[in-house]
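Chains as they are written, first to last, in my numbering: chain A, 1 to 286; chain B, 287 to 627.
The hints are simulated quantities; they were obtained by calculation from the structure and are not laboratory data. Where hints are given, some of them may not hold.
Unchecked claim - In silico lysine-lysine, DSS-like type, Cα no more than 30 Å apart, as pairs:
#  : chain 1 : residue 1 : chain 2 : residue 2
1  : A       : LYS124    : A       : LYS113
2  : B       : LYS289    : B       : LYS514
3  : B       : LYS305    : A       : LYS96
4  : B       : LYS358    : B       : LYS371
5  : B       : LYS358    : A       : LYS175
6  : A       : LYS96     : B       : LYS514
7  : A       : LYS37     : A       : LYS5
8  : B       : LYS458    : B       : LYS545
9  : B       : LYS545    : A       : LYS171
10 : B       : LYS572    : A       : LYS98
11 : A       : LYS175    : B       : LYS404
12 : B       : LYS289    : B       : LYS457
13 : A       : LYS175    : B       : LYS289
14 : B       : LYS405    : A       : LYS16
15 : B       : LYS404    : A       : LYS75
16 : B       : LYS490    : A       : LYS171
17 : B       : LYS572    : A       : LYS75
18 : B       : LYS514    : A       : LYS113
19 : B       : LYS404    : A       : LYS16
20 : A       : LYS37     : B       : LYS490
21 : B       : LYS457    : A       : LYS17
22 : A       : LYS37     : B       : LYS514
23 : B       : LYS458    : A       : LYS16
24 : A       : LYS5      : B       : LYS404
25 : B       : LYS305    : A       : LYS98
26 : A       : LYS37     : B       : LYS458
27 : B       : LYS545    : A       : LYS175
28 : A       : LYS37     : B       : LYS572
29 : A       : LYS175    : B       : LYS514
30 : A       : LYS98     : A       : LYS110
31 : A       : LYS113    : B       : LYS490
Stated by the list, open to error - Covered by chain B, according to a simulated footprint, are these stretches of chain A (three or more residues, beta-carbon under 8 Å):
#  : stretch
32 : 16-23
33 : 36-43
34 : 181-195
Even for Gly, the Cβ is constructed at its ideal location relative to N, Cα and C.
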Amino acid sequence: MTDAKTIETRLKEEAKKLLESGVVSVVLGYGPGYDEKHPMPFAASTPEEAENLVFNEFCTANMARYIGRYPAGTKLAVAVKGADSRAVIVLIQEGKVKREDLVMLGIPFKGLKDQATGREIDEKTTGATYNPVIYDVLLGDLIREAAPSPYTVLAELQSMGRDERWAFWEKELGKCIRCYACRKACPMCYCDPCFVDQTRPQWADKSPNIQGNLMYHLTRFYHLAGRCVDCGECSRACPVNIPLYLFHKEVARECEEMFKQKAGMDINDKPVMVDFKVEDSNDILE
Amino acid sequence: MKKITPEKFPAFVSALLGKGPLWAPVADGETVNFTLISDPVQVTLDFYNTTLSPKGVFFPQSEEIIRYTLGKERIESEAVPTDVKPQVVLGVRPCDVRSFEVMDAIFESGGITDPYWKKRRENTAIIGFAFDTVDPADFYNAFGIHAADERGSDLFLVKQGPDFLIKAITKKGEELLSALGLDDASADDEKYYNEKIARGPELKTRTINLEGAPDKLTRAFDSPYWQKAAMACISCGTCTFVCPTCHCFDINDETLFRKGARRRLWDACMFTNFTLEASGHNPRTKVSQRLRQRVSHKFSYYVKNFEVTSCVGCGRCTRSCPVNIDILSVAEGAIKEGEKQ
Chain A
1 MTDAKTIETR LKEEAKKLLE SGVVSVVLGY GPGYDEKHPM PFAASTPEEA ENLVFNEFCT
61 ANMARYIGRY PAGTKLAVAV KGADSRAVIV LIQEGKVKRE DLVMLGIPFK GLKDQATGRE
121 IDEKTTGATY NPVIYDVLLG DLIREAAPSP YTVLAELQSM GRDERWAFWE KELGKCIRCY
181 ACRKACPMCY CDPCFVDQTR PQWADKSPNI QGNLMYHLTR FYHLAGRCVD CGECSRACPV
241 NIPLYLFHKE VARECEEMFK QKAGMDINDK PVMVDFKVED SNDILE
Chain B
287 MKKITPEKFP AFVSALLGKG PLWAPVADGE TVNFTLISDP VQVTLDFYNT TLSPKGVFFP
347 QSEEIIRYTL GKERIESEAV PTDVKPQVVL GVRPCDVRSF EVMDAIFESG GITDPYWKKR
407 RENTAIIGFA FDTVDPADFY NAFGIHAADE RGSDLFLVKQ GPDFLIKAIT KKGEELLSAL
467 GLDDASADDE KYYNEKIARG PELKTRTINL EGAPDKLTRA FDSPYWQKAA MACISCGTCT
527 FVCPTCHCFD INDETLFRKG ARRRLWDACM FTNFTLEASG HNPRTKVSQR LRQRVSHKFS
587 YYVKNFEVTS CVGCGRCTRS CPVNIDILSV AEGAIKEGEK Q
């Protein structure tokens with residue numbers, strides 16, 4: 001695997017080239033934060049600014065989140081790790097951005113670390129896709145090692161009975177303080193306005209009570225069915241450590257089982273929830 | 287001064303519980319938060335600082351003001367009484383203790399008195415708790431607060447190896463302490479405690495020069511700096527919800543079938559809806575405008591209104607921010623911009 005320092009150097013070089021030649025007007029990547037363990041999402045728009053780009057094992061942020069900030073037609077370069085590239089694919093599939101407006105700077109990487117705990121992030125929290133699915137420029141060598149299944153972590157949840165599972169989610173979602181960091185960190189949460197912000201009618205209590213929390217999270221979970229790329233940003237953003245990834249993984253697993261398609265793996269796929277095939281599984285109706 | 291050994295700790299918590307409702311740090315996985323406890327085993331004092339600030343003790347995230355029933359002809363409603371029993375909050379860090387004083391400015395002494403805040407403040411005894419280490423995000427030294435600052439606490443705790451030393455700071459604290467049946471501390475213990483307090487300022491946090499900050503920030507209002515500073519901001523409400531001095535709220539009617547309540551809820555200037563007007567107009571549609579508001583409110587507007595900065599440097603917003611926006615760096619950058627203007 002190419003080390004982070006080399007990736008950083010190549011990221012700077014590529015960004016500078018792209019900005020100097022005017023191929024793109026903005027490069028979305030990572031910049032320095034208040035210390036080395038806390039790099040920040042960063043947009044470089046001049047070759048000089050590209051010098052500030054960084055990359056290390058703490059660069060967990062999914063930069064696909066920021067694509068929607070720029071007016072349609074803006075030429076963007078985006079630094080993408082495995083899951084991030086899948087998020088970009090979903091955005092392309094859903095018509096939020098055009099492939100030709102993007103230069104994807106692919107970062108194959110294994111061993112990202114959680115900023116809060118310093119522990120390595122593995123398939124338990126994210127899809128652990130090491131290689132970007134699509135890219136225009138590769139900033140490191142592709143990783144030959146196969147990524148582990150993202151679903152093994154679900155064993156415990158699946159072994160629970162219905163009541164036990166309900167109690168688990170009631171307890172976990174009961175912690176929610178409704179800061180909405182999960183939806184804001186999510187590259188796929190771009191609805192404007194989000195249903196939970198609507199006031200006529202108001203779909204969910206604004207109080208962080210259990211019925212309001214369930215209404216918000218369950219709706220969000222299902223709205224991400226077949227779209228979630230398991231980047232883990234929601235769970236890392238959560239200030240009270242709700243394991244949101246577990247629900248998203250379960251829904252993703254079911255989608256994959258029923259529709260034989262994984263979100264963001266092929267730019268020519270249609271998202272499963274907007275597509276219909278005669279041979280589609282009927283399990284969804286059960 | 288009294289001493290609490292690990293064996294006596296549960297008895298100490300039980301004695302506090304005997305005095306009324308008790309808020310204490312409770313661990314849930316890796317998160318520690320102030321919780322209304324019922325059993326001494328729930329309490330942990332093995333934490334750096336809580337994820338959420340203790341402001342919820344006085345200013346709950348959701349507070350019922352009126353309960354109502356929607357009838358065919360009319361609405362039956364009643365005000366929810368605000369009777370608050372004497373309560374205790376245990377293990378509050380010095381910067382958070384100061385935050386209560388900062389919030390008093392808006393809820394009590396700013397001209398309009400908030401009865402909910404005031405009643406709870408009057409009826410609550412605060413047990414402060416000295417820091418032993420410094421997190422890189424903290425900058426409470428900038429506000430004249432030190433790691434073992436007793437100011438604002440009724441009782442103050444200091445860790446001494448496995449034991450705790452506890453001293454009464456106010457009359458309210460003295461009364462509470464004498465009723466807990468704890469063992470007296472020795473002369474050596476007292477010496478240790480006093481030294482710990484005296485050496486509090488030696489534990490250095492980051493700091494920021496806030497001289498002239500209110501005016502400098504006003505001058506930086508139209509600076510393009512804010513767009514740069516807000517590039518990473520995802521506009522969630524984490525910073526304001528974990529903050530001990532963010533106090534903005536919204537009033538909401540929440541009805542289930544025909545029964546409901548009018549509730550006061552925490553709101554956040556980082557939310558798009560925060561400034562959405564009934565007409566549909568929204569004066570703050572950009573993330574940069576909202577980030578500017580949060581920083582300027584704390585370091586400029588609040589100072590102009592109440593002569594105190596609405597920040598205690600607890601470091602929570604920096605630590606909890608999903609994209610690592612550091613309020614100290616942002617404020618520092620904006621102040622510098624103001625100097626240029």
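- Query: Among the hints numbered above, which are violated by the structure, and what are their numbers in rising order?
  - Reply: 2, 3, 4, 5, 8, 13, 14, 15, 16, 19, 21, 23, 24, 25, 26, 29 and 32
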